[in-house]
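*Asks:* Quick mapping for you: the protein sequence lines, in order, are chains A and B. So in full-length UniProt numbering, the last spot in the first sequence is 378, and the numbers never skip. So in full-length UniProt numbering, the last spot in the second sequence is 296, and the numbers never skip.
I should point out that these hints are in silico values taken from the structure, not numbers from a laboratory. Treat the hints with caution; some may be incorrect.
Reference listing, derived: stretches of chain A covered by chain B, where coverage requires no fewer than 3 residues with Cβ under 8 Å from a Cβ of chain B [to be verified]: (1) 84-97; (2) 106-113; (3) 176-183; (4) 251-259; (5) 265-272; (6) 303-316.
For every residue, glycine included, the Cβ atom is placed at its ideal position computed from N, Cα and C.
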Amino acid sequence: MHFMLITEAQGKALLRAAAIATPSSQELRSLDEARACRINLPAAVKAQVAAGGRGKAGGIRKASSASELEAAFGAIMGMRFAGEAPSSVLVETWLDIERELYLAVAIDSRVGGFNVLYSPRGGVNIEDGPPPLSYPVGLARNFRAHAFRALLEPVESDAKVRERVISTARRLLDIAQANECMTVEINPLVVARGGSLIAADAKIVLDEAAAFRKTATAAAIAASRDKAEREIRLCEEANLMLVWLDGEIGLISGGAGMTMAAMDAIDGAGAQPACFLDVSGNPTPSGFGLAFDLLDRAPNVKGILVSMFGGGLHTDRVAKTLVELLAKRASAKPVTLRLNGTRSDLATTILREAGRQNHATLETAVADIVKRVAGARS
Amino acid sequence: MSILLDADTRVLIVGITGKFGTFSVKDLAQSHTRVVAGVAPGRGGQTIEGAPVFSSVAAAMKETHANAALVYVPAVVALDAVLETIEAGCPLIAYPGDGLPVLDAMEMRAAALDHGAHLVGPNSPGLISPGKAKLGFMPSFCYAPGPIGVISRSGSLSYEACFRLSSAGLGQTSVIGIGGDPVRGVNAAEAIALFHDDPETRAIIYLGEIGGSEEYALAEYAKRPDAKPSAALLVGRTAPAGKKMGHAAAMIGSYAESWAAKVEALDRAGVVIARDLDGLASAAASALARAMKPAA
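Bound conformation, chain A alone:
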């Protein structure tokens, strides 16, 4: 599944459509466009990536002249943010800032819906300060200005700002509802000289599950899949869930919770998992085949642990699949197997007849692969 963050430029288009002010701006995709840029200087030059932390990584620069703007454009387009190349650069008029606020609406599990978050001191270091004020709304239609105002009064002393924050919050909820967003965050929401509010940034996360009825979400998912690493894309197409990690034990498991439990067990045994790889969506010869192919090719993977607990899954079928697959496999990386649950007696027999051991528990299997990987290294 994708972390479906859209870019600042896309997010600000949604804000403007709801009549929330944003700085005057231009999105640039080429050096020619940068040379022809008509935004008043000085300007902020900002990398457009669907990843957080770009400010701290040097993806936001100030340009006071045309030559500085060109240089900043070139430098930013050459950078990578969490492995991602910027799709474009957003140039915005430099704002005259009175104060920076933080305002967001986000899905919160304990609220069972939307939570509105506000801090009178926003900006890049929001996480270092006290937690923002929280107004649990639930369904967007349950937003009440008077309830939010009562919460804001002790936190925000400027009555004019307070009222503008309230009306902006309602619009953010409208945006979140209409576009099916998990998060709509403005940080900073700038109080400009004169008191008007301007959204200097926009972080919007779409709900991927709504793609079947939101063409814009479906398009964002397709675009992010095109940018994803080939291996991640192959897994998504095959209904496997892959997240690469830094360790040496290639882990093939079933179910999100059990895969994390197996990762933790590997850590507990003094090694580190090389991946989160959940094959429960496709526990077939093609699914396991792809899983082994990826792990056998990955240079950091020194050994492979297959740990499946059969609930609805018949582990004897998995055993047959694994026996055939391992017989054809060229890699010499050690493999440890643990198939437990439904029909695991049969699975053990099938594996034994093929000269392979079925470990009875996750813990003995983890200890075995950790020992074999350590042995191969020394």
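Using the hints, position chain B against chain A.
*Replies:* Chain B only, in chain A's frame:
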């Protein structure tokens, strides 16, 4: 006793003509569950595995007095099916499906609360009261009757965890899957309240993970002077921040969502912590031992 579901529960399956629905009729019967009806629009009058099929939930409930529903329909039509079931007056509904838009989960949750119904799911194996009945698709062999109430965010983890508990002689009153999505029907706080009120539940076991904030509901509960003893296993200790680990809600976005922050809060509140799956049965046993001790 148990929570929500017992031997007298009369189950109807919405979407009974689908693959999952038809499989479930047999599977539930094997777990002593009474499946009294099925619903499939336009297919009323048929019989599937002995269960009469109706074209609407209201008709099925009127004829069969069903009081629990298992809804097996695709995400695209799930909100409509669940609203129909809630508005027909069904007091207990499980929607196990995944890939449900969050806005739809919010509407389902709000409708259930308005009607005083309990909704289990989405993205959950459902609910089981071992030896009595089940309303979901979890593998029945993993469970045994006993005094422990189990709450889980993860299906796969709950199967193996309960299999280990059952093997260690630690049976369960009920096991509820609250699901891996950010917005759910019965949430952790509500599940805890149900187990608190169930006289047969002596201890509560919570199977959680990184991401979100549900685990703090247990920490708050455990601080109460009248709290039942509890133990928790949280998975994802080794998961990196900012990466979604399979479940939509299993991602560390802030420190409060991390393993360390949650475990610290639970530990401070007096919840017995299992550091990993291997330590679960002994953590559960020690919580249970506290329950057996007479109050000082």
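*Asks:* Now, for every hint given, state plainly whether the structure supports it.
*Replies:* Tested hints:
1. With a cut-off of 8 Å between beta carbons, the region 84-97 of chain A has 0 residues touching chain B; three or more are needed, and the interface restraint is violated.
2. Counting residues of the region 106-113 of chain A whose CB lies closer than 8 Å to any CB of chain B gives 6, so the stated coverage by that chain holds, three being the minimum.
3. As drawn, the region 176-183 of chain A meets chain B at 3 residues by the rule of a beta-carbon pair under 8 Å; at three or more, the given contact holds.
4. Residues of the region 251-259 of chain A with a Cβ under 8 Å from some Cβ of chain B number 6, which satisfies the need for three, so the listed coverage holds.
5. Using a Cβ-Cβ cut-off of 8 Å, 5 residues of the region 265-272 of chain A lie near chain B, which meets the minimum of three, so the contact claim holds.
6. For a cut-off of 8 Å, the count of residues in the region 303-316 of chain A with a CB near a CB of chain B stands at 4, and the three-residue condition holds.
Checked against the numbered hints given earlier, the structure breaks only hint 1 and satisfies all the rest.
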